[in-house]
Amino acid sequence: MKFAWDSYKNGSWGYDEWAPAYFIGKNWLGALGLTIIDSLDTLHIMDMKDELYDGREWLSNLKYSNTTGHEISVFEFNIRYLGGCLAMYDLTGDVVYLEKAVEFGDLLMLAFSDSFPFPYAFLNIKTKYARNKGGNCLVLAMFGTMSLEFTRLSDLTGDSKYKDRVDIILDSLAKMKTKYNGLYPCMVSMDATEFCYSSISLGAKGDSFYEYLLKMWIYTDGEEKYSRLFVASADSIIKYLYRVTKAGHGFIGKIKDDRLEELNEHLTCFAGGMFALASVTNITGNTEKNEIYMQVAKEITKTCVQSYFKSPTGLGPEIFKFDPVTGEILLNDVNLYILRPETIESLFILYRLTGDIIYQEWGWKIYKSIELHCRVPNGYIGLKNIITGFKGTTQQSYFMSETLKYLYLLFVDSSIIPLDKYVFNTEAHPIKIKYNNSN
6 MKFAWDSYKN GSWGYDEWAP AYFIGKNWLG ALGLTIIDSL DTLHIMDMKD
56 ELYDGREWLS NLKYSNTTGH EISVFEFNIR YLGGCLAMYD LTGDVVYLEK
106 AVEFGDLLML AFSDSFPFPY AFLNIKTKYA RNKGGNCLVL AMFGTMSLEF
156 TRLSDLTGDS KYKDRVDIIL DSLAKMKTKY NGLYPCMVSM DATEFCYSSI
206 SLGAKGDSFY EYLLKMWIYT DGEEKYSRLF VASADSIIKY LYRVTKAGHG
256 FIGKIKDDRL EELNEHLTCF AGGMFALASV TNITGNTEKN EIYMQVAKEI
306 TKTCVQSYFK SPTGLGPEIF KFDPVTGEIL LNDVNLYILR PETIESLFIL
356 YRLTGDIIYQ EWGWKIYKSI ELHCRVPNGY IGLKNIITGF KGTTQQSYFM
406 SETLKYLYLL FVDSSIIPLD KYVFNTEAHP IKIKYNNSN
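Here my numbering is used: the first residue of the sequence shown is 6, the next is one more, and so on.
Simulated from the structure, these hints should not be mistaken for lab results. There may be inaccurate statements among the hints.
Stated by the list, open to error - Straight line, CA to CA, 30 Å or less: simulated DSS-like cross-link-like pairs of lysine-lysine:
id	residue 1	residue 2
1	Lys261	Lys294
2	Lys182	Lys131
3	Lys14	Lys131
4	Lys261	Lys326
5	Lys251	Lys315
6	Lys133	Lys184
7	Lys373	Lys307
8	Lys244	Lys261
9	Lys31	Lys54
10	Lys180	Lys168
11	Lys131	Lys184
12	Lys31	Lys182
13	Lys230	Lys14
14	Lys396	Lys373
15	Lys389	Lys426
16	Lys326	Lys7
To be verified - Computed Cβ-Cβ distance ranges for the label pairs, DEER-style:
id	residue 1	residue 2	range
17	Asp263	Arg380	41 to 49 Å
18	Thr132	Glu228	35 to 43 Å
19	Thr292	Phe395	33 to 41 Å
We put the beta carbon where it would ideally sit given N, CA and C, even for glycine.
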């Protein structure tokens, strides 16, 4: 973590991300120092006091009104900037973080319109102009992944305006009729009257919507609407998307044009942790179903890990498929690895919940592969090809926010960020559970 942080600080301090391959900083989410804010809670958890001091100073002096008109993704800004500040306030009680969370939350509120239940996808932080880039259609995960951050902000400030807005989102979506019970197509009209496309996925465009149904149920201490929606979706995921190949590989595919595509996205690998957490927290209230959830969690996580170990570099692909005859994993689709955290996230959650050291062993092997193939003299970069080892360009902010945080938590005592007191947002920022928030 220190090497990654120092590399960013020395090469591109104040930029959103660092590109070691080109020795330049990159801006894509407001030019507000994304990596700094995204990394703060990891620095705190790892007790990196000097680095945390520098990061806090940057944040406390940050004035987004001074930027040059950068357009932000509402989804990304919410999970990274707002989520990062909320987590730091929950971890430290330092009012600077809450003040910044309010600033960021109020900025994001400008993406909402009284004319539509869902927010616009993009917002210019200089002009405050909000818009979509896809016409009237919005990505499910984009507008469906704001509930945890906005609800926490309302609870901390006593101002219900944030929670009220995200409640409208879920209530509007829940009224829409779906072909597959509990599963929503990845693109939805902004007025919540129709689905724009039929594709259903737990990977890109869909993933964190389902994740947040579970996590909001945990955060709210069992609010019924979240359990009802989550269990319906989880049961349908198992019924319609989950399959086991002839070789015994359990995976979650995607529906396109009413047909199941038998492929596994790396983004979907988070679902192992999701199903495990659903099982242990007993969201179903059904022992038999909880056992099924845990079995699914273990199988899909194992498959994701095996996609890593099958490659010469020991790092997993962005997308992989299966041999139609043997059912074995095929590494012939999208073979890039961009420092993603989802597999490690599931290893961390499964280890915390089961105590099985196999998850630590798998995580350690992945860590060693990252060190061997992704560490360069001035930072970390992913691979454009996990077969050849040909390197990429960028040290993404989520590498420090998620990948390294989950790796660290996989090996430290479970009293550090305990899962019965914190729930992680989809950028790995730990949010204190509302009804179990003792220190």
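Okay, the hints, checked on the actual structure:
A hinted pair counts as satisfied when its Cα atoms are at most 30 Å apart, and Lys261 with Lys294 qualifies at roughly 27 Å. For the proposed pair Lys182 and Lys131, the alpha carbon gap of about 38 Å is over 30 Å, so the pair is violated. Distance restraint check for Lys14 and Lys131: the Cα-Cα separation of roughly 26 Å lies within the 30 Å cut-off, and the hinted pair is therefore satisfied. A C-alpha spacing of about 15 Å is found between Lys261 and Lys326, which places the hinted pair at or below 30 Å, so the restraint holds.
The suggested pairing of Lys251 with Lys315 holds, with an alpha-carbon distance near 17 Å, which does not exceed 30 Å. Distance hint between Lys133 and Lys184 is unfulfilled; the C-alpha atoms sit about 37 Å from each other, more than 30 Å. For the given pair, Lys373 sits about 18 Å from Lys307 by alpha-carbon distance, which is consistent with the 30 Å threshold. About 16 Å separates the Cα atoms of Lys244 and Lys261, which keeps this hinted pair within 30 Å; it holds.
Pair hint Lys31 plus Lys54 holds up; C-alpha atoms about 26 Å apart against a cutoff of 30 Å. The suggested pairing of Lys180 with Lys168 holds, with an alpha-carbon distance near 19 Å, which does not exceed 30 Å. For a cut-off of 30 Å, the pair hint linking Lys131 to Lys184 is broken: about 41 Å separates their Cα positions. About 42 Å separates the Cα atoms of Lys31 and Lys182, which puts this hinted pair outside 30 Å; it is violated.
This hinted pair does not check out: Lys230 and Lys14 have alpha carbons roughly 44 Å apart, beyond 30 Å. Pair hint Lys396 plus Lys373 holds up; C-alpha atoms about 16 Å apart against a cutoff of 30 Å. Straight-line distance between C-alpha atoms of Lys389 and Lys426 comes to about 38 Å, which puts the hinted pair past the 30 Å bound. Taking the CA atoms of Lys326 and Lys7, the gap is about 36 Å. The hint is violated against a cut of 30 Å.
Take Asp263 and Arg380: their Cβ atoms lie about 44 Å apart, and the range 41 to 49 Å holds. With their beta carbons about 37 Å apart, Thr132 and Glu228 fall inside the hinted range of 35 to 43 Å. At about 49 Å, the beta-carbon gap between Thr292 and Phe395 misses the expected band of 33 to 41 Å.
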